[in-house]
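Trainee: Here is what each chain is made of, one letter per residue.
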Amino acid sequence: MTEQLSDKSKQALINLLYQLADDDFILAFRGSEWLGLAPHIEEDVAYSSINQDTMGHAAMFYKLLEDLGEGDVDELSHARKSTLRKNAVMLELANGPGHYLKEPNYDWAFTVVRNYYYSQAKKVKIDSLKQSSYKPLADAAVKVSMELYYHLLHWTVWFKQLIQAGGEAKEKMINAIKKAEADFGDVLSLGPLAEDIVQSGFIESETVLTQAFHKRMDPVFQGLSIPYSGRFQQINGKGRYGEHTEELVQALDTINEVYKINPKAVW
Amino acid sequence: MLSSTSKEFYQEYEVFSKRTDTAAMQYQFSLLAPNEELALVFAQENFMRREPVVDIWVVKRSQMRKMTPDERQSLPRLDNKDYRNTKGYGYLKKKWRQYEQDMLDEKEILSWGGKINK
Amino acid sequence: MNQSGSTEQEKYELFMNRIKAGEKIEADDWMPEEYRKVLIKLISMHGISEIMGALPEKEWVPKAPSLKRKLGIMAKVQDEMGHGQLLLRVTEDLMKPLGRTREDIMNDLFTGDLKFHNVFHMEAPTWGDAGLIGWLVDGAAIITQTNMLGASYGPYARALKRICAEEVFHAQHGEAIIMALAEGTEEQKAMVQDAVNRWWEPLLMFFGPGDAKALGTSKQDITAKYGIRTKSNEELRQDFFTKYVPRILSLGLTIPDSTMHYSKEAEQWIYQQPDWAEFKKIVQNKGPKSQERLRLRKLSYENNEWVRKALSPAIDAG
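Protein chains in written order, with our numbering: chain A, 1 to 267; chain B, 1 to 118; chain C, 1 to 318.
In case anyone wonders, no lab produced these hints; they're calculated from the structure.
Just so you know, even glycine gets a beta-carbon here, dropped at the ideal spot from N, CA and C.
There could be a bad hint or two in this list.
Partial selection, computed: residues in chain B whose CB lies under 7 Å from chain A [to be verified]:
no. : residue
1   : Asn-46
2   : Met-48
3   : Arg-49
Computed spacing ranges between beta-carbons, pair by pair [unchecked claim]:
no. : chain 1 : residue 1 : chain 2 : residue 2 : range
4   : A       : Gly-98    : C       : Glu-234   : 42 to 52 Å
5   : C       : Pro-256   : A       : Asp-253   : 28 to 38 Å
6   : C       : Thr-242   : B       : Leu-75    : 37 to 47 Å
7   : A       : Asp-139   : C       : Arg-162   : 29 to 39 Å
8   : A       : Leu-84    : B       : Trp-57    : 40 to 50 Å
9   : C       : Lys-161   : A       : Asp-253   : 38 to 48 Å
Pairs of lysine-lysine, DSSO-like flavour, derived with a Cα cap of 27 Å [unchecked claim]:
no. : chain 1 : residue 1 : chain 2 : residue 2
10  : C       : Lys-37    : B       : Lys-7
11  : B       : Lys-66    : C       : Lys-68
12  : A       : Lys-63    : C       : Lys-68
13  : C       : Lys-309   : B       : Lys-7
14  : B       : Lys-60    : C       : Lys-161
15  : B       : Lys-60    : B       : Lys-18
16  : B       : Lys-66    : C       : Lys-115
17  : C       : Lys-289   : A       : Lys-63
18  : C       : Lys-11    : C       : Lys-68
19  : C       : Lys-68    : C       : Lys-115
20  : C       : Lys-24    : B       : Lys-18
21  : B       : Lys-107   : B       : Lys-93
22  : C       : Lys-309   : B       : Lys-60
23  : C       : Lys-20    : C       : Lys-219
24  : C       : Lys-161   : C       : Lys-24
25  : C       : Lys-41    : C       : Lys-289
26  : A       : Lys-102   : C       : Lys-63
27  : B       : Lys-94    : B       : Lys-81
28  : C       : Lys-11    : C       : Lys-286
29  : C       : Lys-280   : B       : Lys-66
30  : A       : Lys-81    : A       : Lys-160
31  : C       : Lys-264   : C       : Lys-41
32  : C       : Lys-219   : C       : Lys-309
33  : C       : Lys-68    : A       : Lys-123
34  : A       : Lys-264   : C       : Lys-63
35  : C       : Lys-281   : C       : Lys-41
36  : B       : Lys-66    : C       : Lys-219
37  : C       : Lys-63    : A       : Lys-260
38  : B       : Lys-107   : B       : Lys-18
39  : C       : Lys-20    : B       : Lys-7
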């Protein structure tokens, strides 16, 4: 299949796969930091399943990269420096002040909003990827889509209920929405090779994806009687271009703490 | 001390699930949730994360009329109701043999949904 | 047979006869206060130990050295939380007639009235600990939990059945990590041996003192009387040795107790007793990580209080 790809197309494909893999990987990592600390024991269990699914999706995308000769999946997920990462910055931001082992003052409102926005965007992208011209990617999208349904259901219930609760909860949610939107532009960006990615038919354009996203979000906000801005920024950097925060650098230090002891060893 | 204002968060829900389309609903376990939407969201991954499942019900425990231990005393019954079961009609097998016919027993009758051998 | 109409003594006799006949007691059945109390104590400690036990392994979830290991340990720690959920629900139903809820369980944990297992007060400084906890701590837990699968209290027996089924996965998850390390580089081998050395004493303590003399009191007799467990602490510890000592040695690891051996004459394992005074200190939240882990649990509880407040009373959201 890859033999038929021009060099330009192949580079575009690889770039897109890194975006998809790195997005899921870093968000699942952030989710795994919550383990044991969620607002409710039953939620802790449910949320962990979503993180496992999401890391499983990352593993599928890294495998597609491995098949394209980019290196093995563990090296791709564990050894790459922050400047090589293509994930959206919104997904790498810490869960809140503190460290997962020391004084984790994590923000559940931001976690709900970030995951809700991301699940909606992922749904739009995965639906588009099902028609991808690169068959292995289209096949992966069909599989991911199966599990995404529960993620959306889960985060939609949390998103709506915490806003409908009013008072302090609503206030926290509105603030979290502002924080998420300040870096959400990245999530819907296809990065420096966007044109080639779209021209090769790997996924639809940013404009098409963004419109589909608005179409999903607008009625939800209307139903909740809160304004939907529909305007997103990238204030902490453009992740698709390798621009990342110190928070990602710290996250990677944790992620590869054991791996880097001996990358060649069997663990 | 923790405030008591969040006590209402802990509502009891009973969880039921179906393993396959043809299976009956089965009781799983109970969980705490503030409302039925969240109860449903929690149910799937708390109790069925390793097994196939095709449907889930959650029921608020306060909405279930359960038997009391005393009422459960009404459940045992005497073993004198052969007339309700095939057991009470087993002698027919012998009778039919006199007429050179097989008995239409449970196994035979429940097989009629498929093709009947002529 | 009418339970409500009989005297306390008749109820008690009926209850004991049911237990002797192997019948299961359910949450709303009449039960002696002593039975309720011993169950609450046992199961709330078991449940909160699962919740607190998630924390030492959780340290290694984000750090696990490969995608497969990250996923495996995430699923394993998730199960610990899930076991906590099952056991707390069983406890909560037992506490209901006393007007107590999950909030009270958490409060008791924070005030130190509710204790958690000694092993979860210990440090887990290397990836070797992540493997060792899965292999030997879960191994020890399997020994004690399977001993109660036939418990007279139905809800506990049913929860244990679910838990033990998942423990089989945990044991294999732990074995896989340990095996990779034991077959790996010198550094990796040293990692496992170091973990075995540090965990050996806590593992012996896990089963509790052999007799009442060590700590002054013992719940062993009461739990046996009511058909909750059958084997004594010492019998369970001996079972653990029988199952695990040969396996530990077969991987080329050593046990940090030169007196450890099986005596054919005595038909039991001879070993060095752990420091039971130290054990007593640890379970009183004075272990190396007790306060830090309690702090994590408390912080999560307090920081998220607003979430539980916001969703109480129940709202009808679509």
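Trainee: The structure should be examined with respect to each hint, and the outcome stated for every one.
Mentor: Tested hints:
no., hint, verdict
1, Asn-46, "holds, 5 Å"
2, Met-48, "violated, 10 Å"
3, Arg-49, "holds, 6 Å"
4, A:Gly-98 <-> C:Glu-234: 42 to 52 Å, "holds, 43 Å"
5, C:Pro-256 <-> A:Asp-253: 28 to 38 Å, "holds, 32 Å"
6, C:Thr-242 <-> B:Leu-75: 37 to 47 Å, "holds, 44 Å"
7, A:Asp-139 <-> C:Arg-162: 29 to 39 Å, "holds, 35 Å"
8, A:Leu-84 <-> B:Trp-57: 40 to 50 Å, "holds, 48 Å"
9, C:Lys-161 <-> A:Asp-253: 38 to 48 Å, "holds, 42 Å"
10, C:Lys-37 <-> B:Lys-7, "holds, 23 Å"
11, B:Lys-66 <-> C:Lys-68, "violated, 45 Å"
12, A:Lys-63 <-> C:Lys-68, "holds, 12 Å"
13, C:Lys-309 <-> B:Lys-7, "holds, 8 Å"
14, B:Lys-60 <-> C:Lys-161, "holds, 24 Å"
15, B:Lys-60 <-> B:Lys-18, "holds, 18 Å"
16, B:Lys-66 <-> C:Lys-115, "violated, 34 Å"
17, C:Lys-289 <-> A:Lys-63, "violated, 39 Å"
18, C:Lys-11 <-> C:Lys-68, "violated, 55 Å"
19, C:Lys-68 <-> C:Lys-115, "violated, 34 Å"
20, C:Lys-24 <-> B:Lys-18, "holds, 25 Å"
21, B:Lys-107 <-> B:Lys-93, "holds, 13 Å"
22, C:Lys-309 <-> B:Lys-60, "holds, 20 Å"
23, C:Lys-20 <-> C:Lys-219, "holds, 19 Å"
24, C:Lys-161 <-> C:Lys-24, "holds, 14 Å"
25, C:Lys-41 <-> C:Lys-289, "holds, 23 Å"
26, A:Lys-102 <-> C:Lys-63, "holds, 15 Å"
27, B:Lys-94 <-> B:Lys-81, "holds, 21 Å"
28, C:Lys-11 <-> C:Lys-286, "violated, 42 Å"
29, C:Lys-280 <-> B:Lys-66, "violated, 43 Å"
30, A:Lys-81 <-> A:Lys-160, "violated, 37 Å"
31, C:Lys-264 <-> C:Lys-41, "violated, 37 Å"
32, C:Lys-219 <-> C:Lys-309, "violated, 38 Å"
33, C:Lys-68 <-> A:Lys-123, "holds, 25 Å"
34, A:Lys-264 <-> C:Lys-63, "holds, 17 Å"
35, C:Lys-281 <-> C:Lys-41, "holds, 19 Å"
36, B:Lys-66 <-> C:Lys-219, "violated, 33 Å"
37, C:Lys-63 <-> A:Lys-260, "holds, 10 Å"
38, B:Lys-107 <-> B:Lys-18, "holds, 26 Å"
39, C:Lys-20 <-> B:Lys-7, "violated, 39 Å"
When the structure is compared with the earlier hints, violations turn up for hints 2, 11, 16, 17, 18, 19, 28, 29, 30, 31, 32, 36, 39 and for no others.
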